[in-house]
Amino acid sequence: MFEKIRSLKLSKPSAHDDDAPFLKVSDLHVRYDGIPALANISFELNLGEHVALVGPNGAGKSTLFKVISGVLPPTSGQVKISGESPAGHICIAYLPQSNDVNWRFPVTVRDVVMMGRVGKMGLFTWPRNKDWDFVNACLEQVNLTDLAFRQIEELSGGQKQRMFIARALAQEAELVMMDEPLNGLDINSQEEVFNIFELLKKQNVSVIVATHDLGLASERFDKAMLLNHTLLGYGKPEEIFSEVNLKNAYGTHLQFIETKEGTMVIDDTCCP
Amino acid sequence: MINFILDPLQYAFMQRGLAAAILVGIVCAMVGTFVVLRGMAFFGDALAHSILPGIAIGYLVSGGSQTALFWWGLVTAVLASLGIGAVSKGAKLSDDTSTGIIFAGMFALGIALISRIGSYAVDLTHFLFGNVLAVSENDLLLTAILGGLVAFIIIIFYKEFMVLSFDPVLAATLRVPSKVLENLLLVLIAVTIVVSLQTVGIALMVAMLVTPAASAYLVTRRMHSMMILASALAAVSAVLGLYTSFYFAIPSGASIVLVSTFLFLIIWAGKTVRQKSL
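Chains A and B, in that order, are what the protein sequence lines are.
Position 106, counted from 1, in the first sequence is what my numbering calls 106; the numbers after and before it change by one each time, with no gaps.
Position 259, counted from 1, in the second sequence is what my numbering calls 259; the numbers after and before it change by one each time, with no gaps.
Next up, chain A with everything else stripped away, as it sits in the complex:
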């Protein structure tokens, strides 16, 4: 009996079926109080792939993140992580938007990264030396070792994003989802974040980043996903960002201007 319980516990929560695609979303529908937020979403994502999620405000990007991370149950349809429902997995990291974080919370950078370990540590335990070693290694990967003991409010925008990526590393995440991590960052800080994305790629970690920046989306990501309640396109950015697709997604908020260098796209959905 005891053996049975133990084997159930060991195999059930995070069993990975290696043949299945890492993330498979099929025919997903989500409604809030009867109002559809997402409809008919189906796509697959492999380990190590980096995807830019693009769409106007209110397109359902955060909703999609919540469903994939298992925080919000879908109205119908399925999300499978390695063939299993996301509810049993702790390998999905959904990093908060900077605006939603209480930066005055009394925690240091190291404390926040340690929070990523909470799932692995389990109930009724306190962080031990090996947990702190793990946290220190994660901080080193994102170049924050020197700032480990700072209160989180003292960090710059780029450092804050790197801290949350370190937390995802501490969580041993295989999929990292970020909502507008590049908003308000200067070029250098953006570059630092992209360097860490490279590092994640080497470790075969998948990344989905919601962004308004179509330029970065097409230059820096393997795939782009165009979303406006339904999936309007998913694939290589240069194939996805056609005038027809973008107009479908953004409607009249998007202006196309022909210039000598090619078509210029102006997006004013950022601040309605």
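No lab work stands behind these hints: they were computed from the structure.
On a predicted model such as this, the values are computed, not experimentally measured, just so you know.
C-beta: ideal position from N, C-alpha, C; glycine also.
With a straight-line Cα cutoff of 30 Å, these simulated BS3-like cross-link-like pairs (lysine-lysine) come out:
#1 K276/B / K160/A
#2 K24/A / K179/B
#3 K236/A / K201/A
#4 K247/A / K260/A
#5 K89/B / K179/B
#6 K160/A / K179/B
#7 K80/A / K179/B
#8 K80/A / K201/A
#9 K160/A / K271/B
#10 K179/B / K120/A
#11 K120/A / K24/A
#12 K92/B / K179/B
Partial list, computed: chain A residues near chain B (C-beta under 8 Å):
#13 S69
#14 V71
#15 I92
#16 P96
#17 N102
#18 P106
#19 V107
#20 T108
#21 D111
#22 V118
#23 G119
#24 F124
Since the structure of chain A is already known, use the hints to place chain B on it.
For chain B alone, coordinates are given in the frame of chain A:
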């Protein structure tokens, strides 16, 4: 000077009162750390007020026994917090609106009940402002056991409560049992309030939960230091408050809260001066 300190301690009621006030102060500060970080001050205040009808009925049914009153108070507090949740969900009102409705309604019911049984020598002011000097040995024991239990649970689930308070989405993705822990926190707040009832009373309860924790919040950078400093400030407030109460004949709850508020103002001023000089 020595006599000034020792004189009050010759009285057994002062010794018990001091012990109770320190214990209650520490437990309130520990729970209060989460109340402050999660912005639940109004909820705490409301919950304290809403136990009044339970206490009144308890008095009617089982007389003045503190243990019986404790259980009546606790059940009422849990019912009130469930009621608040049900109203905000069922009537689609914001949390603070439904908290206001339930809290005022139950407090009014308590006042009505107590005024009807006034002949029993049940004193409304006793519940409203507490009377730490009337703590019996049994009361002290109950306070120590339940207060110790609350502190123990907070220490056991420390990291989970921290994740839940800092980033609920992370807690959900890490499959931390959020709903259970959130309800546990509500029960801990309820137990703390009921345990503290005799010391500070209903009206000033929120200050015990919020003021020492807020003072500590101003000058600490990590959650456990905030919790430890808040507990220390609460214990100091309890001691200084009881002496003030003894020498100036002020109700104990009021003097403890006054000292605690005074400490907050000093810490705030000190922090402001230091920041200006940097």
